[in-house]
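Colleague: The lines below spell out each chain.
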Amino acid sequence: MATVRGCNIPEDRFYWVEKHAWAILEADGLVKIGITDVAQNLAKGIVNATPKEAGRPVKKGKSAGTLESGKWVGPVTSPVTGEIVEVNAAMTSNPSLINSDPYGEGWFVKVKPENWDAESAELLTGEAAIAAYQKFMEEQNLNFE
Amino acid sequence: MSKKIRLLYMENVSPLRSQTVYHAVGYAMTKETPNTIIMVSPNAPYVCVGYHQDIQKEVDLDYCTQHNLPVYRREVGGGAVFLDNGQLFTQWIFHKEDLPVTLEERFKLYIDPLVATYQELGIPANLRPINDVHVNGKKIGGTGAAQMGIAEILVGSLMYTFDKKTMSQVLKVPSEKMRDKIFESLEAYMTTMSEQLGSTPDRVMVKDLYMKKVSEAFGAEVYEGEWTAKEEAMAKEIDERFVSDEWLHQKGQLKQQAGVKIHQDVHIVEAAFKAQGGLIRIIARLREGRIDDVTISGDFTLLPVFALGALEQSLRGVAATPENLKSKIEEAYYRLNIQSPGVTPADFTTAIMNAINPPQAA
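Read top to bottom, the protein sequences are chains A and B.
Going by this note's numbering, the final residue of the first sequence carries number 870, and the count climbs one at a time with no gaps.
Going by this note's numbering, the final residue of the second sequence carries number 1453, and the count climbs one at a time with no gaps.
Just so you know, these hints were derived from the structure itself, not from any lab.
Among the hints, a few may not be true.
[As the list claims (entries may be wrong)] Computed cross-link-like contacts, BS3-like style, restricted to lysine-lysine with a CA-CA straight-line distance of at most 27 Å:
| # | chain 1 | residue 1 | chain 2 | residue 2 |
| --- | --- | --- | --- | --- |
| 1 | B | Lys1321 | A | Lys787 |
| 2 | B | Lys1187 | A | Lys744 |
| 3 | A | Lys757 | A | Lys769 |
| 4 | B | Lys1199 | A | Lys744 |
| 5 | B | Lys1199 | B | Lys1352 |
| 6 | B | Lys1148 | A | Lys777 |
| 7 | B | Lys1321 | A | Lys860 |
| 8 | B | Lys1122 | A | Lys787 |
| 9 | B | Lys1122 | A | Lys784 |
| 10 | B | Lys1304 | B | Lys1268 |
| 11 | A | Lys787 | B | Lys1327 |
| 12 | B | Lys1148 | A | Lys769 |
| 13 | B | Lys1122 | A | Lys860 |
| 14 | A | Lys769 | B | Lys1352 |
| 15 | B | Lys1365 | B | Lys1148 |
| 16 | B | Lys1199 | A | Lys769 |
| 17 | A | Lys777 | B | Lys1199 |
| 18 | B | Lys1094 | B | Lys1199 |
| 19 | B | Lys1327 | A | Lys784 |
| 20 | B | Lys1095 | B | Lys1321 |
| 21 | A | Lys769 | B | Lys1229 |
| 22 | A | Lys860 | B | Lys1094 |
| 23 | B | Lys1321 | B | Lys1122 |
| 24 | A | Lys784 | B | Lys1187 |
| 25 | A | Lys744 | B | Lys1321 |
| 26 | A | Lys744 | B | Lys1352 |
| 27 | B | Lys1187 | A | Lys769 |
| 28 | A | Lys777 | A | Lys837 |
| 29 | B | Lys1122 | B | Lys1304 |
| 30 | B | Lys1095 | B | Lys1298 |
| 31 | B | Lys1122 | A | Lys744 |
| 32 | A | Lys860 | B | Lys1187 |
| 33 | B | Lys1417 | B | Lys1268 |
[Unchecked claim] With the C-beta cut set under 8 Å, the calculated list includes, among others, these residues of chain A facing chain B:
| # | residue |
| --- | --- |
| 34 | Leu767 |
| 35 | Lys769 |
| 36 | Asn773 |
| 37 | Glu793 |
| 38 | Lys796 |
| 39 | Trp797 |
| 40 | Val798 |
Since the model is a prediction, treat every value here as computed from it, not as a measurement.
C-beta atoms are modelled at their ideal positions from N, C-alpha and C, and glycine is treated no differently.
Modelling step: build the complete structure from the supplied sequences, incorporating the hints.
Modeller: And the structure:
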């Protein structure tokens, strides 16, 4: 897994760098989404996570739910359009999973995507994502090493 | 940043509007909206709860009803707070790219003009990182941050006065002793401009001074502007949402914090522990990881009669770890020849530690 200035950026995820969101297509055709390691480092200890309920539609660029850390409240921006089909119950009962494992146990919701092929093409993955995060963190003088 | 900053100065708006106004400007923000600072105060007292709090658990709603105090939920985190005309809220609604990306730097940028304003008034305020403003170890206002739409929000206040008594009344607490301790701690660890200066400074002068300090911090003009029809329409929409039962009574899932936070370094915690010889109740105030003050009560027997007060006294200033507490309590037992059938120093230690780190419910 690639690391950029102390933050993990797994190559297999699709990123919306500006929104600090990631997505990955699973074998069952659903897309799992979450926030990046950079985002959890910036937000610090998450004390509350409130995803929108399963069954609700979500649009790319709109909120899939809310996070609260000790110092900040804000939305989790969905990188895909579709219907929320599952929320991560383990994460909502223990929101610190977002801090400890943002790409694994700390995933946010699963979405049944409307058009993954087109929308994923607008996200960055692999080397391009790593380069984009490198640039972002250098510009912002961020380092979590 | 050389862009002009719009100031909306709104003294004496309704309690509801004093909260919804910054949400409205945030959600109505477009790329063309100027960075905006709202200075607003309510014309009547109210209670404001954090985004994810459960108001049934946090607020004494009967007290609020009896005293005509409305309760509103904000989309900013943190705890329940009593607010009135004694605070001038300073709400920033900024474009993301005009603020630092880290919260430490963002809060510093936000707090520096507050601190500079207080200092020019003769109050030795300083930033207590990450996001408190302190005067000689006392808090003179807290701050919070949120994202709403494309806007990044920072909120806080200039504190002319603060009604500590009512603040302690509006919280739902497990005992009146705990309430007394909260009031006593607010008296000890919170301060205001009136307390610091002996009188309340002129509000327009304070507003002008703050505008000047913001202007200096950004190297940008701060001009008094008006809000737009679109922003006002958005405020009406949010007014409706904020008074809806669905919004107000949404079940917050915020994990119960241990006790009540007075400021960054000071917390009040409470617990009961059943020892073989009786129930031990603890109310403790923690300051920077040490016992600042502790009250021990219960239905156990402890002799000699003066020893309980001496035991409490001996724990002041002790680092709040089980080893330190137990050794201090054992030392007091030895020194005072304490007898307490069925209650041991280890039980007191457990009771205090349960208050500090509540055992996880199964």
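Colleague: Is the hinted pair Lys1187/B and Lys769/A satisfied, with a Cα-Cα distance of at most 27 Å?
Modeller: holds (18 Å)
Colleague: Is the interface hint satisfied for Trp797/A? The criterion is a beta-carbon contact with chain B at less than 8 Å.
Modeller: holds (5 Å)
Colleague: Regarding the pair Lys1148/B and Lys777/A, is the alpha-carbon distance no greater than 27 Å?
Modeller: Roughly 23 Å separates the two Cα atoms, so the pair holds.
Colleague: Is the shortest C-beta separation between Glu793/A and chain B less than 8 Å?
Modeller: Check passed: Cβ of Glu793/A comes within 4 Å of chain B, closer than 8 Å.
Colleague: Going straight from one Cα to the other, do Lys1199/B and Lys744/A come out at no more than 27 Å?
Modeller: Status holds; Cα separation ~23 Å.
Colleague: Taking the least C-beta to C-beta distance, is Lys769/A closer than 8 Å to chain B?
Modeller: holds (7 Å)
Colleague: Should the hint that Asn773/A touches chain B count as held when the rule is a Cβ pair under 8 Å?
Modeller: It holds, given that the least Cβ distance between Asn773/A and chain B is near 4 Å, below 8 Å.
Colleague: Are Lys1199/B and Lys769/A close enough, with their CA atoms no more than 27 Å apart?
Modeller: Holds: Lys1199/B and Lys769/A sit about 16 Å apart, inside 27 Å.
Colleague: Has the given pair, Lys860/A with Lys1187/B, been kept, meaning a C-alpha gap of at most 27 Å?
Modeller: Satisfied, since the Cα-Cα distance of roughly 17 Å is no more than 27 Å.
Colleague: For Lys744/A and Lys1321/B, compute the direct alpha-carbon distance and say whether it is at most 27 Å.
Modeller: The hint holds at about 26 Å.
Colleague: Would you mind confirming whether the straight-line C-alpha gap from Lys1094/B to Lys1199/B stays at or under 27 Å?
Modeller: Given that 27 Å is the threshold and the Cα spacing comes to 20 Å, the pair holds.
Colleague: With 8 Å as the cut and Cβ atoms as the points, is Val798/A at the interface with chain B?
Modeller: Holds: closest Cβ of chain B sits about 4 Å from Val798/A, inside 8 Å.
Violated hints, listed in ascending order, are 7, 10, 17, 26; each of the other numbered hints is respected by the structure.
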